[in-house]
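S.K.: What follows is the residue order along each chain.
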Amino acid sequence: MKAMFESAVDRATPLPSAPGALEDAHARVVLDDWERRWYGEPRFSYELVRSYEEAVHALREHGEGAKALAGGQSLVPLMNLRVLRPSALIDLNGIAAMAPQLEGGRLSLSAMTRYSQVLFSELARCQTPLLTTAIAYVGNVRVRNRGTIGGALAHGQATSELAAVALALGGEILAYGPTGTRVIDAEEFFVGHLRTDLRPEEIVTGLRLEVAQSRQGSSFRELARRSGAEAIAGVAATVTLSPERDVIGGVRLGLIGVDERPVAGDRTVLSSLLGRIPTPAEIDEVASDVTARTAPVTDSQSSASYRRRLVRVLIRRALTEALQRAEERASAG
Amino acid sequence: MSDAALAAMPGEEITVSEAPPPSIPGPPVADLPSRSPETSELQGTDTAAGAVAPMRVVGQPVAHHDFIEKVKGSILYAADWKLPGMLYGRVVRATVASAGIVSIHTDKARALRGVAAVLTAEDVPSNRLVEKATGGPGELLIATPILARDRVRYAGEPIALVAAETQQIADAAAELVQVDYEELPGVFDPEAALLPGAPLVHDAGNVLISWHIQRGDVQAALAAADVVVEGEYRTQHVEHAALETESGVGWIENDVVTLRVSTQIIEHATEIAEILKLPANKVRVMAAYMGGSFGSKEGMTVETYLALLVWKTRRPVRMVWSRQESILASTKGHPFIMRYRTGATNDGRIVAQDIDLIGDAGAYPHKSARVLFYGAALSCGPYLTPNVSVRSRAVFTNNVPTSAFRGFGARQVTLGYESQMDRLAETLAMDKVEVRRRNFLHKGDVIPTGETLDTAVAVGETLERALARLGEPSAPSAPSKRVGRGFACNMHPYGRTVWFRDSSSAWLSMQADGTLLIRCGVTDVGGGQAASLCQIASEILGVPLSRISVYIGDTALTPSAGGTFATRQLLMSGNAVMRAALQLRELVAPVAAEALGCPVAGVVFEDGRVTAAGAASAGASEEGISLGELVSMCEARSVDPTTLYVFHPEAERRGFDTEPGQLVSFPDYTYGTHAAEVEVDLETGEIEVLKYVSCHDVGRAINPLRVEGQMQGGAMQGLGYALMEEIILDEGKMASSLLANYLVPTSDDMPDVMVEIVESGEGKGPINARGIGEAVIGNAAPTIANAVADAIGLRPTQLPITPERVLALFDAADGTSASGSVSPVPGVRSAGTAADACAAG
Amino acid sequence: MSVKQVTLQVNGVAHEISVTPDALLLDVLRDQLGMQDVRYGCGEGVCGTCTVLLDGEAVSGCLVYAVQVEFREITTLAALLGEDEFLHPLQETLLRLGGTQCGFCTPGVILTACSLAQRVPRPTREEIRCELGGSLCRCTGYTKIIDAVESYLDDRALVSEETRS
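The listed protein sequences derive, respectively, from chains A, B and C. Counting in this note's numbering, the first sequence runs without a single skipped number right up to 333 at its last residue. Counting in this note's numbering, the second sequence runs without a single skipped number right up to 841 at its last residue. Counting in this note's numbering, the third sequence runs without a single skipped number right up to 165 at its last residue.
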């Protein structure tokens with residue numbers, strides 16, 4: 001969490017260019033901060049926008065110190081702690097939050113869709129049960145009432161349950177910016193610690209996910225040290241049987257807590273599962289190999305080595321459960 | 001209240017002969033209201049239950065007074081106070097753990113418009129706070145500065161104060177204060193601090209105090225013992241995390257520095273006056289109802305800073321600590337390192353305990369000397385221990401200071417002695433319940449500090465009830481999981497160590513319309529401290545609860561009751577109010593008797609009226625008179641319906657001899673047992689608590705609802721301490737001061753805490769109650785540790801028992817069970833290693 | 001613009017006030033509108049002390065700026081009190097069953113429970129536990145809070161049955 005703050009601060013405050021300048025720069029930020037406050041000026045300017053176009057325009061206008069405000073569940077705590085000091089907040093909450101819909105055979109979520117809307121959506125529950133399961137682990141009821149799909153994706157936390165699901169369900173992130181619309185594959189989207197592929201002044205406008213197939217099973221597993229706390233590690237898994245034979249035809253993993261960003265389980269390793277029904281020992285070996293290709297960190301909640309051991313177990317369990325469910329669905333219909 | 005009920009009260013003084021037992025606390029005989037000769041001190045058995053007539057208010061689960069305001073949301077806490085011209089305060093804190101202060105630059109902060117004051121050490125008239133000496137061996141008297149002058153000893157130490165027109169300006173100004181440090185070597189581990197050549201936290205040395213308790217000949221006894229079980233246990237820094245952070249408002253009124261703060265102890269007013277070099281009458285402290293405390297508000301928190309800022313600016317000042325500041329810098333619960341050597345016979349009787357305790361006191365003394373005393377005094381638990389040697393040291397480090405935290409040292413050692421008991425049972429292949437039964441203390445036994453127990457010891461009953469309530473064992477929910485059961489017994493003192501000559505007072509006044517005012521200096525942490533007094537007064541005087549108002553914690557206007565800590569309030573202020581009410585009754589009863597035409601002993605106070613007992617049969621009016629009418633009659637006879645009672649339990653005549661650590665320590669103890677069933681995931685180390693029971697002997701429950709609430713709340717806090725709470729310090733710096741990272745249990749983490757109340761009827765509080773507030777937390781950690789050990793055959797010895805630490809136990813054991821055989825769970829393969837379980841799928 | 005005139009709808013009453021955009025809803029309700037039952041606990045959205053209802057849904061008052069919620073329905077605990085300060089049934093059961101000790105978390109707990117009760121006719125005990133998982137309480141150990149919520153829901157079901165029959 002501390003590292004998260006530090007890098008967040010890096011991105012908010014321009015780095016000084018001369019020794020001793022940091023102190024003055026800091027003082028200046030604080031004084032500017034105060035100056036505005038004393039004269040009744042707020043610490044940041046505020047603009048409510050009603051469309052993505054307006055949002056992008058506003059971000060452009062307000063420049064580098066501007067930040068988009070969606071659910072506020074990640075951003076505002078940082079501002080309350082004075083770790084982040086944007087000069088302008090562009091409030092996206094004027095943009096309609098659409099309930100999950102089906103579009104072109106995929107589940108379509110708008111950026112401003114709240115976690116709670118997804119959780120209570122019958123459509124999502126049927127079409128993307130993995131998503132519904134995972135969202136139940138997100139924070140607490142208040143976080144889910146305000147937190148948004150777009151906000152969570154843009155924040156890019158290494159432990160984001162939504163990110164794990166996006167990776168496991170072939171997620172496509174829709175972004176809009178000065179250069180127009182862009183579709184970014186989930187696997188390309190999370191690039192570093194709290195860093196996404198979004199360009200400056202680009203914002204997330206939606207997420208599209210593959211819907212559950214008839215011969216597919218999914219599973220979400222996570223361990224947190226307390227209900228609602230950040231995951232130590234987590235796994236979203238889908239296993240799909242081949243159309244003709246009862247063997248694995250496709251498998252995907254979305255992993256959280258295993259790296260500085262959410263990552264997909266290594267494709268090459270997973271491909272060894274294709275064309276067969278693996279034994280438990282074989283699943284475990286795959287879990288072990290996938291884990292070996294991750295880089296978990298040590299922080300105040302857990303050591304890297306524990307995360308490594310945990311993730312292997314979670315992957316194994318998730319794959320086992322997903323396979324079992326795939327088999328059940330295949331035999332049922 | 002019937003005379004039979006009166007009979008149940010702690011009785012008259014008993015003359016002390018050459019040998020113990022000590023006298024039962026109570027006023028000298030002459031001060032007691034006259035009673036029938038049948039009333040005498042209670043003997044051991046539970047005669048109280050049968051002898052006492054049912055009470056109307058006491059013993060009932062009534063919800064009243066502040067609790068009503070709390071569900072309405074209308075109660076005012078310390079921060080809910082605003083005055084014209086009020087400023088906002090902020091403490092500027094050190095960012096390094098051990099350093100000299102070279103210079104402090106406040107000019108930029110002062111220059112900020114809207115800043116009213118920036119204070120440093122120079123501005124503090126008497127910049128020192130010295131904890132009153134306990135008289136313990138080798139005790140260092142260390143002055144704690146209010147604001148650091150030339151030395152910083154912990155990260156978060158206050159260096160300067162700011163007051164400004166708005167909180168935002170105060171926060172900005174605080175950031176502009178610049179401190180130049182010269183970093184010095186620090187020491188961050190108490191064992192390292194004990195080594196020769198370790199950096200000194202204080203020039204006088206790193207050992208604050210070293211308590212010794214000796215009884216018999218431990219070395220000989222251990223040598224002769226059939227078995228000796230050794231164990232080392234470690235606990236962590238814990239944070240109180242009361243939902244209300246440290247807060248208060250100060251102002252000057254009639255030239256008196258007046259503070260309204262969230263505090264357990266208003267008596268700090270004298271210390272504040274000393275710091276300001278003011279006469280004591282120039283400082284007034286009022287206690288708001290607290291939003292929880294658990295010991296965090298026992299020492300001064302915002303008081304001195306508010307007082308300084310108010311006194312300097314002559315304007316009202318509010319200070320509310322941010323949550324992160326509270327986690328970073330408020331005092332913490334002590335981590336203990338505990339080493340036990342327990343000697344026993346082959347049939348499981350303890351012959352000796354050799355115990356070493358080390359507590360990390362952090363950078364300044366606070367209450368560490370006392371916490372380590374409690375640890376020492378309670379380190380053998382509720383077991384007869386003929387030969388004892390305990391060494392208990394509070395050691396300075398450059399970590400955040402530690403002080404009072406619910407359980408106060410006795411909490412930590414519960415893990416020590418209850419782990420040892422289970423280990424002893426395992427070593428002797430004995431039943432864990434039986435080994436305890438063979439060693440339980442009984443009334444009349446002598447405990448390690450040399451005193452004789454003079455009240456019922458119902459720990460055995462609490463053990464039975466707790467285990468019975470656990471019910472049938474659950475089956476594991478998956479092949480990779482194991483279910484285990486564990487329990488832990490404890491004893492916990494209530495009331496202050498007797499040589500402090502504790503006292504409490506209460507002032508009761510009946511008003512013209514028969515309503516009652518109680519004024520008592522108690523403070524209320526949320527456990528019904530104030531409301532209980534109303535319940536007691538209502539029972540005795542027959543005033544309905546809605547017609548009683550209670551005024552608490554004001555050094556100017558309420559008689560001193562001492563603070564709310566050491567689980568002393570029910571014992572002390574409860575007794576003060578009880579006796580005040582009895583005295584008031586005795587004062588007005590003759591007036592009533594005359595009016596009703598009956599003997600004084602026949603006057604009944606009930607439901608706001610006074611009647612003659614058996615009036616109907618005598619043909620007299622049943623209605624009697626109202627309390628209001630009675631007050632008029634009293635006034636006509638120049639009888640003032642008001643009393644002030646100072647409750648002074650008889651002070652122990654002998655002192656506490658600190659060398660052998662012998663003679664009377666605490667007035668009495670509360671005994672209990674917790675039991676739990678857990679499920680452990682062998683592959684992830686995750687622990688799920690399936691069932692949990694708390695059972696304590698409360699003597700008598702003044703309010704069963706509140707007693708249960710304490711038991712459930714204490715158990716939950718104990719479970720957090722056992723499983724998930726940890727303040728992590730790295731070279732004196734906190735890894736995280738976010739609430740998001742300090743994990744306290746939520747409703748979604750733990751099962752319901754089932755409660756069983758034992759009422760032995762023998763306690764030294766009013767109506768034979770025992771203090772319950774702190775006794776209820778210590779059992780949780782060993783209960784869980786024992787349950788986990790039962791599940792996996794390996795014993796956790798370090799808190800919190802995180803999933804990672806569980807896996808580390810498997811690693812350390814290297815595949816073999818460390819403590820003997822593991823009872824197989826029917827239908828499931830016996831526990832092997834995590835790897836085995838893994839392969840099983 | 002630096003200072004905005006906004007209309008906040010709180011407990012059915014419209015309040016026209018001036019706020020700066022950086023004023024948190026928590027601070028505006030507390031300091032400007034004098035609603036002391038909305039309290040600061042952590043500023044991180046973790047503890048639930050500052051919970052208010054926004055159009056019936058529980059949100060953290062410390063994570064929303066007042067300017068964001070103009071014209072939305074804001075509900076605080078005070079809304080539950082009836083005329084002459086009669087307790088709402090949930091307040092009454094919480095009081096009677098000992099679900100409040102220090103009282104600091106109580107407004108947030110009650111509002112969250114109410115929001116659940118509006119959304120789900122008769123939540124199970126597990127569902128109540130889960131919904132209250134974001135409302136930290138350090139005093140009660142939660143059992144009596146959940147007992148009170150269940151008791152309230154049972155009474156409510158009884159009343160609606162009686163009304164129907």
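Please keep in mind that the hints were generated in silico from the structure rather than gathered at the bench. Keep in mind that the hints are not guaranteed to be accurate.
Calculated cross-link-like contacts (lysine-lysine; reagent style DSBU-like; alpha-carbon spacing at most 35 Å) [unchecked claim]:
no., chain 1, residue 1, chain 2, residue 2
1, B, K132, B, K733
2, B, K277, B, K443
3, B, K108, B, K733
4, B, K733, C, K4
5, B, K432, B, K108
6, B, K82, C, K4
Which chain C residues face chain A? A few, computed with CB under 8 Å, are given here [unchecked claim]:
no., residue
7, A14
8, H15
9, D22
10, V59
11, S60
12, A78
13, L81
14, E85
15, P89
16, P121
17, P123
18, E127
19, E131
Positions of the beta carbon are idealized from the N, C-alpha and C atoms, including for glycine.
S.K.: Determine for every hint whether it applies to the structure shown.
M.R.: Structure-based check of each hint:
Restraint check for K132/B and K733/B: satisfied, since their Cα atoms lie roughly 29 Å apart, inside the 35 Å limit. For the given pair, K277/B sits about 50 Å from K443/B by alpha-carbon distance, which is inconsistent with the 35 Å threshold. At most 35 Å may separate the alpha-carbon atoms for a hinted pair to count; K108/B and K733/B meet this at roughly 27 Å. In summary, the hint linking K733/B to K4/C is not supported, as the alpha carbons are separated by about 42 Å, beyond the 35 Å threshold.
Of the supplied pair hints, the one linking K432/B and K108/B is violated, its CA atoms being roughly 66 Å apart against a limit of 35 Å. For a cut-off of 35 Å, the pair hint linking K82/B to K4/C stands: about 24 Å separates their Cα positions. Proximity of A14/C to chain A is violated relative to the hint, the smallest CB-CB distance being about 20 Å (cut-off 8 Å). Hint status for H15/C: violated, given a least beta-carbon distance of 19 Å to chain A, over 8 Å.
With a cut of 8 Å, the hint placing D22/C at the interface with chain A holds, because the nearest CB-to-CB distance is about 4 Å. At about 5 Å, the closest approach between the beta carbon of V59/C and any beta carbon in chain A falls short of 8 Å, and the interface hint on this residue holds. For S60/C, the interface hint holds, the least distance from its beta-carbon to any beta-carbon of chain A being 5 Å, beneath 8 Å. Taking 8 Å as the C-beta contact cut-off toward chain A, the hint placing A78/C at the interface is violated, the least distance being around 19 Å.
At a threshold of 8 Å, the smallest CB-CB gap from L81/C to chain A is about 23 Å, leaving the interface hint violated. Look at E85/C: its Cβ only gets to about 28 Å from chain A, farther than 8 Å, so that hint breaks. Violation of the interface hint for P89/C is found here, the shortest Cβ-Cβ separation to chain A being roughly 22 Å, above the 8 Å cut-off. Taking 8 Å as the C-beta contact cut-off toward chain A, the hint placing P121/C at the interface is violated, the least distance being around 14 Å.
This hint is violated: P123/C has a C-beta 12 Å from the nearest C-beta of chain A, more than the 8 Å allowed. Violation of the interface hint for E127/C is found here, the shortest Cβ-Cβ separation to chain A being roughly 11 Å, above the 8 Å cut-off. Of the supplied interface hints, the one on E131/C holds, with its beta-carbon coming within about 5 Å of a beta-carbon of chain A, less than 8 Å.
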